[in-house]
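Enquirer: Going by the numbering used here, the sequence shown opens with residue 287, and the numbers climb by one from there.
Hints in this document: simulated from the structure, not taken from any laboratory.
Computed from a predicted structure; not experimentally measured.
You can take every hint at face value.
Cut-off 27 angstroms, straight-line C-alpha distance, at most; resulting in silico cross-link-like pairs (DSSO-like, lysine-lysine):
id: 1; residue 1: Lys307; residue 2: Lys370
id: 2; residue 1: Lys440; residue 2: Lys370
id: 3; residue 1: Lys440; residue 2: Lys453
id: 4; residue 1: Lys366; residue 2: Lys342
id: 5; residue 1: Lys431; residue 2: Lys472
id: 6; residue 1: Lys495; residue 2: Lys453
id: 7; residue 1: Lys366; residue 2: Lys307
id: 8; residue 1: Lys453; residue 2: Lys366
id: 9; residue 1: Lys370; residue 2: Lys391
id: 10; residue 1: Lys391; residue 2: Lys341
id: 11; residue 1: Lys485; residue 2: Lys579
id: 12; residue 1: Lys342; residue 2: Lys370
id: 13; residue 1: Lys453; residue 2: Lys431
id: 14; residue 1: Lys389; residue 2: Lys366
id: 15; residue 1: Lys485; residue 2: Lys440
id: 16; residue 1: Lys453; residue 2: Lys370
id: 17; residue 1: Lys342; residue 2: Lys431
id: 18; residue 1: Lys431; residue 2: Lys366
id: 19; residue 1: Lys578; residue 2: Lys495
id: 20; residue 1: Lys472; residue 2: Lys495
id: 21; residue 1: Lys485; residue 2: Lys472
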Amino acid sequence: MIYRKELVIMYPIHSIDDEIKNMIPSTLHQFYRIVDLQTHDVYDYHNHELIPLDKKCFSIWEQEDPCTNCTSCRALLNGKRIVKLGYQENIIYLIDSLPINIKGKPYALELIQDVSDSFMLNTDITSDTNDICSVVSAFNDLVMKDTFTLLYNKQYLNERLPVFIQKAQESHYPLSLALMDIDLFKNVNDTFGHLFGDKVILAFAQQLKQLMNHDTFCARIGGDEFMIIFENRSEQESEQICEQLMCSLSDIRFEEHPDYHLAISYGISTLQENDSIDNFINRADECMYEMKKNHHILSR
Numbered sequence: 287m288i289y290r291k292e293l294v295i296m297y298p299i300h301s302i303d304d305e306i307k308n309m310i311p312s313t314l315h316q317f318y319r320i321v322d323l324q325t326h327d328v329y330d331y332h333n334h335e336l337i338p339l340d341k342k343c344f345s346i347w348e349q350e351d352p353c354t355n356c357t358s359c360r361a362l363l364n365g366k367r368i369v370k371l372g373y374q375e376n377i378i379y380l381i382d383s384l385p386i387n388i389k390g391k392p393y394a395l396e397l398i399q400d401v402s403d404s405f406m407l408n409t410d411i412t413s414d415t416n417d418i419c420s421v422v423s424a425f426n427d428l429v430m431k432d433t434f435t436l437l438y439n440k441q442y443l444n445e446r447l448p449v450f451i452q453k454a455q456e457s458h459y460p461l462s463l464a465l466m467d468i469d470l471f472k473n474v475n476d477t478f479g480h481l482f483g484d485k486v487i488l489a490f491a492q493q494l495k496q497l498m499n500h501d502t503f504c505a506r507i508g509g510d511e512f513m514i515i516f517e518n519r520s521e522q523e524s525e526q527i528c529e530q531l532m533c534s535l536s537d538i539r540f541e542e543h544p545d546y547h548l549a550i551s552y553g554i555s556t557l558q559e560n561d562s563i564d565n566f567i568n569r570a571d572e573c574m575y576e577m578k579k580n581h582h583i584l585s586r
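Turn these sequences into a full structure, and let the hints guide you.
Expert: As structure tokens, this is what we get:
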């Protein structure tokens with residue numbers, strides 16, 4: 287048994303009585319599909335062979351790009367089952383993603399159930415489908431957003447960066463990333479307090495949000511560490527954007543501490559042929575710390 291707050295709330299399924307077991311529907315899922323996460327192609331499978339559907343997995347949601355909250359990517363990355371809710375045309379789906387292996391290659395098996403008529407929330411929210419769809423959308427946002435700044439989070443980047451790289455390689459366009467953090471941020475917290483430090487983080491995040499569009503993605507990946515992904519932008523173009531960002535930050539003033547000037551260090555890397563993700567990020571990291579070292583020398 288599982289106990290929580292001194293209440294018995296659940297029993298393990300393997301202990302279920304046969305009489306109750308026979309009352310359970312033979313299948314809890316109505317649909318299935320097999321997805322190649324490298325190409326996002328969808329397959330059926332019969333007689334030991336994959337059967338291509340000539341469709342992308344995200345087309346079911348009437349999207350032109352992969353889902354930002356791709357639970358199948360997460361299932362493969364973590365090697366375990368991941369579940370999410372999705373909706374399309376006011377139909378709510380429960381998507382159960384499992385990592386599988388076919389002929390030595392990893393795929394995601396997606397088991398799908400229409401739960402529109404049976405899904406209710408344990409809140410005061412009405413069971414109206416439109417209301418539930420809004421809640422599902424908000425919940426999915428929470429999974430991939432940093433709750434403090436509402437920028438994308440590190441988990442989102444870990445899942446999406448391979449997709450960005452694949453798109454850039456297939457489309458033969460440049461892909462750049464910038465790593466950045468706030469200069470002397472520990473001193474800010476130690477000198478002015480963590481509440482003021484939070485205000486600095488939010489002010490920086492607000493500037494990053496203004497950069498975001500269909501080909502620029504900003505994420506918070508640590509306390510005062512951030513990353514920007516630039517699709518279809520060269521290193522020089524990305525450098526110009528970062529320089530403009532630095533200028534915008536230098537104009538910010540804080541009423542509590544008007545003498546404090548928000549400054550950042552950053553490093554940029556552009557994807558090279560046969561680049562690994564680690565090398566791609568590490569080059570930007572090295573450039574950022576070189577700038578940080580120079581800023582530290584100048585501030586002495």
